[in-house]
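A.B. asks: Residue numbers (numbering that gives the first Met the number 0), protein chains in the order written: chain A, 0 to 303; chain B, 0 to 333.
The hints are simulated quantities; they were obtained by calculation from the structure and are not laboratory data.
Misleading hints may appear alongside valid ones.
Pairwise CB distance ranges, derived in the manner of DEER restraints [claimed, not checked]:
id: 1; chain 1: B; residue 1: 246; chain 2: A; residue 2: 63; range: 32 to 42 Å
id: 2; chain 1: A; residue 1: 193; chain 2: B; residue 2: 319; range: 21 to 31 Å
id: 3; chain 1: B; residue 1: 296; chain 2: A; residue 2: 294; range: 43 to 53 Å
Interface residues of chain B toward chain A, partial, derived using beta-carbon atoms under 8 Å [as the list claims (entries may be wrong)]:
id: 4; residue: 85
id: 5; residue: 89
id: 6; residue: 208
id: 7; residue: 296
Reference excerpt, derived from the structure (chain A facing chain B, CB under 8 Å, subset only) [what the hints assert, rightly or not]:
id: 8; residue: 58
id: 9; residue: 118
id: 10; residue: 275
We put the CB at the ideal spot given by N, CA and C, even for glycine.
The lines below spell out each chain.
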Amino acid sequence: MSLTRTSSAKREQRTRSLRDWAIFTAFIGPNVLLILAFIYYPLASNIYYSLLDWRLGSNSAEFIGLGNYITLFTSPTGLDMWRVTLIFTVSTVAISMALGLALALVLNKQIPGRTFARTAVFSPYVLSGVGVGMVWNFIFDPQLGLLSHVVAFFGQNSPEWYLDPDLALLMVIIVYVWKNLGYCAVVYLAGLQSLPRDLLEAAAIDHAGPVRRFFSISFPLLGPTTFFLVITTILSSMQAFDILRIMTPNGNGTNTIVFELFLQGFGVYQRAGYSAAISVVLFAALFVITAVQMRYVERKVHYA
Amino acid sequence: MRTQKTSAEAGPEDPVTDGGMGHGETASRRRRGLSALGSPARTQRASGNARAAWREAIAPGHLLDTILTGWLPLLIAIALIVLPLAWMVIASFKPPGEIITLSPTLLPQEPTLGNYEAVADSVPLGRILLNSVIVTTVGSLIKVVLAITSAYALVFIRVRFRNVIFLGILVALMVPPEVALLPNYLTISALGGRNTLWGILLPGLGTAFGTFLLRQQFKTLPVDMLEAAELDGAGHWKRLWRIVVPVSAPAIATVALVTIVTEWNSFMWPLVITDTPESMTLPVGLNLLQSVEGQTGSYGSLMAGAVLVIVPVLIVFAALQRHIVSGLTQGAVK
């Protein structure tokens, strides 16, 4: 008696779990398939392509082992890409975070108009990089640009932003900071607003000035926010593309890693194998950075 | 009614009327206060706070401080943000003669729509706009639906290995789309998807971001609610659309808005997979315009093009900024 009941219960459980699996697959299957086909498969095939000397569209490819990686880390072109990526990433991250924090401190004051200011400052972050690049192309134009008119007002000639590679790099850094500054400001503002107010008030009662309060209390307590921003802005700076492509279409001292990946694979050279090697290294670098962040965020969640 | 009373109470010495900014802030605070507590007392205090802020900001001892460390830096920041965009809009209405000049005027002397016509002459603008609208709406719709069903499956359907699948999606979240550029180009080309709308859409449809975000949201829902529905005989499909989706509307709206903006701005993949003007989306078409007109300094039409891609997003952002900001700063603000 009891035996039949268990076996029928078991059978019911099995059909139930089968039904659950069917629904589960129907719900998540398409998404999983798409992710497999267009994220995981590319990851794996890139590793294979990266071992080939292969031009896009060509039928013949030569297996060259780690040749592309050696080029990437030793050739002048490869080393220049790392130099430009480093300068671009470090300066955009440092400048946007410093200015973003300064702006957040102002926005954190109880002054009228700050809601509007916060919205305005954040807005470039959501705009098309292509559109933003076009707008700034006009502003930086040495003959017709707004900047050239300002410079002319002081009796100077406009710098040749598009001819000198160093100036071109400076130019795209300025535009990139303009676009992403608001993100840092808003994240820092959220951090500032979550600081314990009683601590800051107690310090004020003890006659600690605003500068002292900032460096001894606010900034150290903002540590997690600063860490989060360092990671996320490094990730996005390394993936910069739209502005670079629009302002310097074929790269001119502005070939950061993702731009170079595109130019090598789809530009004049069509060096698919080399481009794949850049993809693999880019993925490895970003994976490590993200993993560090996830680990850290996990810990924060546990102790918070 | 309350609004009227508040501004009547404000009195002559209260500068809330100045510029309207104060009003905006008061109103938004009141709304937040209401949604949080729904109590009139809280509302009263919130509007009182805004007025107190004004009074304190311009109090004799504070005025200089407010101007030097508050309004002045904010004004500079806003000017630096707004000026390039304003210059873009203004230039898009200027005839060529007012752009190629040594002494430009602030406003167009003879405003014209000629630049927009010039854009339409250089590229098939109607078609390109239509492509962008189709890609954005269809792409976002599919992505949001996939994110909703995936997140539901991960949270509410108990099967073995579901955590393994979630881990797989989590790892996919770390893969930047650029890494997949070349292999996806080969796959889509082999399938005959170059210069087609489905070729632009397909590789981006899998959604790790949306799934991750909605999973977080669904996990906060009370289990009892769904168990009650299950006892009433509602299947997963019904529970998803009748219960989970309605109560998660704000989170879904956030995912949808972020997805729409990202799709609209998307550039690298459509650039690689299209080379005929008729199949391009707006950013790619503008890239073409830039390479054609950039040489001749036809900035009027270039700015008209930039207006077309930038202004729609600015309008959406101005209207719904709170949802968009919270979606884009995920992870930072707990």
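A.B. asks: Give me the numbers of the hints this structure contradicts, sorted from smallest to largest.
C.D. replies: 1, 4, 5, 6, 8
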